[in-house]
Amino acid sequence: MISNLAATLLAAAFQALPVPDTVLRPPGEPPVALVHSAGPGVAVVHAEIVVPAGARASTPDLEVLRTLALERMHGVARRVGARVDARLRPWGLAYTVSGPEEQFEYLAAALRAGLAAPDAPAARLEALRRE
Numbered sequence: 001m002i003s004n005l006a007a008t009l010l011a012a013a014f015q016a017l018p019v020p021d022t023v024l025r026p027p028g029e030p031p032v033a034l035v036h037s038a039g040p041g042v043a044v045v046h047a048e049i050v051v052p053a054g055a056r057a058s059t060p061d062l063e064v065l066r067t068l069a070l071e072r073m074h075g076v077a078r079r080v081g082a083r084v085d086a087r088l089r090p091w092g093l094a095y096t097v098s099g100p101e102e103q104f105e106y107l108a109a110a111l112r113a114g115l116a117a118p119d120a121p122a123a124r125l126e127a128l129r130r131e
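So in my numbering, spot 80 of the sequence shown is number 80, and the numbers just go up one at a time.
It is worth saying that the hints were derived from the structure and are not from the lab.
Treat the hints with care, as some may be off.
[Claimed, not checked] Simulated restraints, written as ranges between beta carbons of each label pair: (1) E102 x D61: 36 to 42 Å; (2) R79 x R130: 29 to 35 Å; (3) P121 x H46: 27 to 33 Å; (4) R79 x A117: 20 to 26 Å; (5) E102 x R130: 21 to 27 Å; (6) V42 x L88: 33 to 39 Å; (7) T22 x A53: 30 to 36 Å; (8) E102 x A53: 36 to 42 Å; (9) G28 x R79: 22 to 28 Å.
All of these numbers come straight from a predicted model, not from anything done at the bench.
Ideal Cβ placement from N, Cα and C applies to all residues, glycine included.
Take the sequences, apply the hints, and build the full model.
Pasting the structure below:
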């Protein structure tokens, strides 16, 4: 049985969890959530893609995906002065876009651009693999 103190602490912890203020649910795409912070009008959207263990061994291919994702994200984000980041993680890839809160739709669009399938020609893919 949970003591009153433990129940109170647990309830306080759940209240401290961030709750999305806005959730975009584009058809056929993953939802993107905006969580407001105490910061000065800056929003951050983030997604992590878990890559199966066998595919993680192919780091050059993941680096190609990361590079192409950054290019696509920059194309959208620069319109509103947002920052983008894509990093290799031990479990896969992590994408982050940050910028003005009032431009949330552009931030979400930049993140979706990063998550989209690459559309580069085969020659470009090969050139990136050799880099």
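**Message:** Could you work out which of the previously given hints the structure breaks and list their numbers from low to high?
**Reply:** Violated hints: 5, 6; rest satisfied.
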